[in-house]
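Undergrad: With these hints in hand, go ahead and build the complete structure from the sequences.
If you read the protein sequences in the order shown, they are chains D and U.
Counting in my numbering, the first sequence runs from 23 upward without gaps.
Counting in my numbering, the second sequence runs from 23 upward without gaps.
It is worth saying that the hints were derived from the structure and are not from the lab.
A portion of the hints provided could be inaccurate.
All copies of an identical chain are treated as equivalent in the list; a pair is satisfied when it fits inside any one copy or across any two copies.
[What the hints assert, rightly or not] Listed below are the simulated DMTMM-like cross-link pairs for lysine to aspartate or glutamate, each with C-alpha atoms no more than 20 Å apart in a straight line:
id	residue 1	residue 2
1	229	154
2	173	141
3	84	183
4	173	191
5	173	47
Number of protein chains: 2
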Amino acid sequence: MPADGTFTPTARSKLRRRPQRGAYDEAAVYAVLDAHVLGHVGYVIDGQPFVTPTAYWREGGKLYWHGAAASRMLASVDGAPICLTVSLLDGFVLGRSGFAHSLNYRSVMAFGRARLIEDLDAKRAAMDAFIERLYPGRPDVLRPATAAELKQIALAEMTIEEASAKVREGGPADYAPDVGWPAWAGVVPVETRLGAADGDGPGGPPKISLY
Amino acid sequence: MPADGTFTPTARSKLRRRPQRGAYDEAAVYAVLDAHVLGHVGYVIDGQPFVTPTAYWREGGKLYWHGAAASRMLASVDGAPICLTVSLLDGFVLGRSGFAHSLNYRSVMAFGRARLIEDLDAKRAAMDAFIERLYPGRPDVLRPATAAELKQIALAEMTIEEASAKVREGGPADYAPDVGWPAWAGVVPVETRLGAADGDGPGGPPKISLY
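TA: Here it is in structure tokens:
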């Protein structure tokens, strides 16, 4: 974790386009990372980029994701440079010209090297932390994982070496050539919410901490 | 576009994990690509993977995305191998053990090489196609783009060489060790919808074809 609460950008993470929309401080980076569960892990095999969508979670300055022990992605990321990107679409921004159109979004690109965690106790603790992060209290009511199950899981950990957050919000920019042009302009927000739970068992559906 | 409507997987796109959830046919791949607008472009600079969230659109067997002409991402992708991944989170799947938890999702990994399109008429047509794809009929009511504006845009095109779709839906799998364990199990769907439009101008907010 950076000592002063800010990730120091190098050429890898420094925002070149619209730096006014960007931030490198932990609070901004973690706010985006903690708003989602589905991230995109970028890695390279023989020069070919791969982007695998995967569930992730954060603990302090580390990101975690997991998958099947036989996963190509997880076999490939041990020790490798990674870019884990998280993004949320928040709205459609409509100007009076094509050029003035945009999207509202929150995103983070996080860089580091992944390592696989093999220790079963560490795996158990991490998987419980993931469940707890999504569904507070739920690890206490679940059937505990067996060693055989934990062996089927590959668990990746990445210390965030650098990260940048980028956020766009609000309406279309005032754009002089468009003033008075007779077209509607504004924002249409995109909202994400939980639907009705469908299941059975004691206790009912848990509160999901993302929403 | 593949002659028989199916992308032929090589090692790059062949699904190794849970192939029963996967598909290589155009209909399955295009259904996911056409359900979203925010994709994740994976590319490599000096061995380092980058995953940039970006708006994309599809025309036939090609994917397009754009950005500022000064964008590092767009400068880096001309002629380069790309993995463009699109994913949608559809639900939380809760079993009676941690091992039986999952997410419902739809995703596509599309592979190809990008090329930048420089011709201004081609850029104009592509940008209009993007607006039309999101907001049918809207290019007709917008102030037309100027040459100066089009020169500020970099436009990337990628013929989809290979692609795989992966979808998980439904409830938790029946998992013998969990039978009778006293915890709730089921699905909590994630729903995406448009909020109330906020803007002004003749015609009102357009219908957004994604939702």
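Undergrad: Going through the earlier hints one by one, which of them does the structure break, listed in rising order?
TA: 4, 5
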